[in-house]
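Undergrad: Top line first, the protein sequences correspond to chains A and B.
Under numbering that gives the first Met the number 0, the first residue of the first sequence carries the number 0, and numbering increases by one thereafter.
Under numbering that gives the first Met the number 0, the first residue of the second sequence carries the number 0, and numbering increases by one thereafter.
Nothing false has been slipped in among the hints.
Copies of one chain are not kept apart here, so a pair can be met inside one copy or by any two copies together.
Under the rule of at most 27 Å between Cα atoms (straight-line distance), these lysine-lysine pairs were calculated in the DSS-like manner: (1) K118 to K136; (2) K132 to K182; (3) K136 to K182; (4) K9 to K104; (5) K118 to K177; (6) K118 to K182.
Please keep in mind that the hints were generated in silico from the structure rather than gathered at the bench.
Given next are the chains, with one letter for each unit.
2 protein chains.
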Amino acid sequence: MKATFQALCKHGYADVTMEKIAAESDKCKSTFHYHYGTKENLMVDFIRFLLEGFEEKMIPDTDDPVDKLNGLIDNMLFGIKDGDTHERFHTALLELRSQAPYNEKYREQITKNDEFIRKTVKEIIEEGIEEGKFREKIDPDRTATIILSAIDGARARQISTDRDVSENVRGALDIIIKNDLMKEGDLDKE
Amino acid sequence: MKATFQALCKHGYADVTMEKIAAESDKCKSTFHYHYGTKENLMVDFIRFLLEGFEEKMIPDTDDPVDKLNGLIDNMLFGIKDGDTHERFHTALLELRSQAPYNEKYREQITKNDEFIRKTVKEIIEEGIEEGKFREKIDPDRTATIILSAIDGARARQISTDRDVSENVRGALDIIIKNDLMKEGDLDKE
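Full structure from sequences and hints, please.
TA: Below, the structure written as structure tokens:
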């Protein structure tokens, strides 16, 4: 999986081959072919592996739902800036996503990842409502969807244009959290 | 340009060739080669052409900034549902976007398109502020960015997963417009 990550960063999705992935590991090409059969199967396993990484690395270790939500948004928006590798990795991910309409297996696994992440954000918002920090009126599912869509859009824009909108999106999400989600938030309003 | 549109919908970006584009028109392949040289040049021209379509078709013909903003969001989110062609077309666009990191010319033109669209939304919001319909406190640029990022993210998710989040994103944007943008909006709050 580490070799797949490195090969994707180096060559991009379209140009990556089993041979190039094997070259990043201490295994030979035939071992990869034996285990996975096709590049497609390996990629599906890799998308599944990314979800484990999401659970381990992206979700902040805190009990406070407000901190957890803000930390997760920061990790998702700015994790990408941890050097050149991350930008290239997200580029390969966008390529993989753009192949999903043509590839049932990719689409299935990407749907699973997206649904898991949406459920995670939804649960953080529900926790916030239960703890009396977020308004009871808000729809956790809809709120999770807008937050994640905005992050996805910001990432795609960062990768495919010369302008980085991450700071702008972070600022806008901050206002949404303070104004619309948090109970005491509307004190800020004019 | 119509032939390019049809060929992209039929074959996707990766598989489209000058020959396949010519086949959708009444011109021969050599005419396309003479005018554009490469598929890359034709695609850059096509991305530019899309921007003209955006100006003509996507921006609602109304003087009211609230109606204009809501209409534009609807067109961008749900225009895609006008049959199978639109979904396939946006799939090709996502492919094109995922190639932008590897292709300076694509990135340049996509940046121009994105900036134009952002400027359009920003100006609608500024009009709303001037007319006293939107709060003076809001940042038009930041608000435009979050709206467009959310729409981009929703489109990418609709294309690459089995779940359509457009309705959810539309609902969330509606709340943002009513609660955060519009002056009388906060009357709705609990």
